[in-house]
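With chain A held as given, fit chain B with the ligands onto it using these hints.
Sequence lines, in order, name chains A and B. Its first residue numbered 1, the first sequence is counted upward by one per residue in the working numbering. Its first residue numbered 386, the second sequence is counted upward by one per residue in the working numbering.
Simulated from the structure, these hints should not be mistaken for lab results. We treat Cβ as the ideally placed atom computed from N, Cα and C, and that holds for glycine. Hints may be right or wrong, so weigh each one.
[Claimed, not checked] Simulated restraints on C-beta separations:
1. 162/A <-> 561/B: 31 to 37 Å
2. 129/A <-> 463/B: 50 to 56 Å
3. 597/B <-> 19/A: 29 to 35 Å
4. 118/A <-> 597/B: 42 to 48 Å
5. 44/A <-> 463/B: 36 to 42 Å
6. 162/A <-> 617/B: 48 to 54 Å
7. 200/A <-> 462/B: 57 to 63 Å
8. 462/B <-> 144/A: 52 to 58 Å
[As the list claims (entries may be wrong)] Stretches of chain B that chain A covers, calculated by requiring three or more beta carbons in the stretch to come under 8 Å of a beta carbon on chain A:
9. 454-462
10. 550-561
11. 577-591
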Amino acid sequence: MTQHGENETPADEARVEARIDGGKLTLTISGDWLLASQPPGREALLAMIREAGDVHEVGFSCDRLGRWDAALLVPLQALQEAVQQAGVQLDDDGLPEGARRLLRLAATVRERSDVRRVREHDNIIVRIGNATLEALAAGRELARFMGELSFSAGRLVTGRAVFERRDLLLFLEQTGANALPIVSLIAFLTGVIFAFVGVMQLQRFGAGIYVADLVAIGMVREMAAIMTGIILAGRSGAAFAAQLGTMKINEEIDALRTLGISPMDYLVLPRAIALVLMMPLLTIYAALLGLVGGAVVSITMLDISLVQYLAQARSAVGLNSVFAGLLKALVYGVMIAISGCQQGLACGGSAMAVGQATTSAVVMSVLLIVISASALTVIYTVFGI
Amino acid sequence: MNDEGTAHIEVRDLALAYGDRVVQEGLNFSIARGEVFIIMGGSGCGKSSLMKAMTGLLRPSAGDVWYEGQPYWAGDEQQRQEIRQRCGVLFQSGALWSSLTLAENVALPMRHRTRLSEAQIEELCAWRLALVGLRGFEDYYPNELSGGMRKRAGLARAMALDPEILYFDEPSAGLDPVSARLLDDLILELSASLGTTIVVVTHDLASIFAIAGRALYLDAGSRTQLALGEPAALREHCEHAAVRAFLSREATVPADAGETG
Ligand SMILES: Nc1ncnc2c1ncn2[C@@H]1O[C@H](COP(=O)(O)OP(=O)(O)O)[C@@H](O)[C@H]1O
Ligand SMILES: [Mg+2]
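Here chain B stands alone, though its shape is the one from the complex:
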């Protein structure tokens, strides 16, 4: 998929640990520009930790994440800042700033990271909120909105700096199936229209099959990646029973998956 030139994001020999406790190790994969990439696995296998290492929130214990051939963690602070600015992140619960209105939430990154005028910023806020279906909610505070609306507002904020890469942590968590589906569709539509590279962390099967990009399976037992490929193909033909079981929602985890959790 990414034979031409360097990959947009490349993870090499990455290991994640909290103190002495290794969460994942030996992670190797690359993501092409414009690709929709899924990181999946059971709860607690280290999906969020991997995303944190990719977005600069958690220093890996070994290995590095390369953005267009530039190592993130080996770079200096200025290079990191420059890379971070090209990434937008939607956090699991939206993580909107609670004392700011939606418009102020979306405007904050633009105020501090661009030289746009106030009038331009106001127009752009309205446009981005309209894109995520929140037209007219500029002056609402996050706690006056439903969970789904907060997620979408978080998406508008994540897009504020026109990122080349968007990260999503459990976008469907806490949403009803219909809202979750609408959010997945929105993510796909935005990526198709904008050409944004998208990385989605999720354990939600409905989302995984709806998004249907290439998917990476992280295993909690063996603490490494087990499989990489299209979810539908993995469900039928993956050599690891644990992956097939996960994707077909089977309760009995085979013995070789080891302890989970």
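Just chain A, with the same shape it has in the complex:
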């Protein structure tokens, strides 16, 4: 807000002097009032008013005022408010034209009493309490989301759910086909690691051939599903949360609602279907690649043939193990879809919030995967699957 002088002369020292003349306080402002040169602040001016005591009018004399910017206006605004509160007349004729207009502009919109926010600094107990309440609220929100999703699934079954075929195909490709390279790599290496550890231990008892059992049961029942789940949580769960969060910020989700289209059906269902279909398929694929990894290690490190390895592996896993693995994959798929979509739809209104929603989606997916893995293992044991 500099009143631009042509030459950059060094600043004259900014001063303000008070003179009282028959009940009128006149402030004589002189020198250059620029932010860079630290002129007297609001406290200095307010102190002058207080010292002046009983006056009925405050005026200004600015004949020797040089350059000025917001450094002059900030204290003057504080002064103007203090003077008005005290019920004293303010005569701004002595101020430069520009300053007078700006001060009037700043004073035109009065502050509404209800807008300002108090910044609170809570103590540790309050914060723990709040965190607990938030966690409970998040749990309720998740339960509500699951409920809505099951209604939505009901509408899908009765053919009343509205969404785009095209979207579904796209998500199938993104969650399934595009994930193949990373799933291949991780599944193969998991098989290799399983077999390697197995060979080291079992060889000591001359039971090397049982490595095939170890890899087959481990991959088919547990590891294929859990590895694929974690990969899809990071790939697709995060992507869904970011997509839906951005749509929420742009009011795209409100736009769907106003058209009477349920965001649950239109946005969440195709994503959930894609995950629920692709998780078991990718899990079968991962289990097979894990077996391949195991075979490579077994054949090179032990004295067994591929045929022996395959025969041993086949005898180890029955149909119930395959079923156990696939059911887990299906459940993990649902968990990832729920976490990703719920966090996305619950996203706040800022760019930061999208990042947080994405992070929470992945953390929550992994958490839910591990919890349901434990729960299912207990159930399988009880029912002897």
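Just chain B with the ligands now, with coordinates in the frame of chain A:
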């Protein structure tokens, strides 16, 4: 209007293109210090692109923008940085940083580009928000405000470094007529009080006649500037029918305007 000395901003032989597609070419005009200058034209004629070239966001395919006799694009990065710091920009949708409060939005340029103390910055934020009528909204996040309030907060941020030049992209877009008018008045009041040079990009006739500075008309068909002058005078006497039609809101665009859009 700017006979004395060098113009504040001067655009010479400027051409704008995206890839091979020329949007505007042969642009020549100058803006005096303290002037309120309007860049107008139909949607898609290249107004925002021109503003981007003037504010350093889009490299022109030919020509240059001169600030007080200094070429912007021909200069080195340090000169450009120095020029950019003298310009404030209000973007079409406000472009406030969504994860910062209004006070933090206004404070950010001051924190990084000046040596003011935290206490000074806080006072200045309050002052600038008061100037745009947002007193007391320091701790609000952008998504808690109406469109008009976001625009005004964007204005407070654009003014944070006491710019000599303020650029506005469609200030009235998305606002109701009353809020739009208030914002136009605020822009004019600030320019009169602060002596800031103001460049307004707009297609809004109400704004154009309310602001009433010199106006430059960009034509989408011929891809160049057609007219420069006071909007009221251009509406009555401009030699180009397209300009008269635009300013008098006539639906039928004459044949010589060519394709638009
Ligand atoms: N980033 C971009 N890439 C390619 N073309 C663009 C880009 N931005 C704008 N355009 C094109 O340039 C032309 C001018 O756009 P713009 O300057 O935004 O117009 P205005 O602001 O006058 O409405 C339009 O035809 C638009 O399609
Ligand atoms: Mg534009």
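Right, here's what the structure says about each hint:
{"no.": "1", "hint": "162/A <-> 561/B: 31 to 37 Å", "result": "holds (34 Å)"}
{"no.": "2", "hint": "129/A <-> 463/B: 50 to 56 Å", "result": "holds (53 Å)"}
{"no.": "3", "hint": "597/B <-> 19/A: 29 to 35 Å", "result": "violated (43 Å)"}
{"no.": "4", "hint": "118/A <-> 597/B: 42 to 48 Å", "result": "holds (44 Å)"}
{"no.": "5", "hint": "44/A <-> 463/B: 36 to 42 Å", "result": "holds (37 Å)"}
{"no.": "6", "hint": "162/A <-> 617/B: 48 to 54 Å", "result": "holds (53 Å)"}
{"no.": "7", "hint": "200/A <-> 462/B: 57 to 63 Å", "result": "holds (60 Å)"}
{"no.": "8", "hint": "462/B <-> 144/A: 52 to 58 Å", "result": "holds (53 Å)"}
{"no.": "9", "hint": "454-462", "result": "violated (count 0)"}
{"no.": "10", "hint": "550-561", "result": "violated (count 0)"}
{"no.": "11", "hint": "577-591", "result": "holds (count 4)"}
Taken one by one, the earlier hints fail for this structure at numbers 3, 9 and 10, listed in ascending order.
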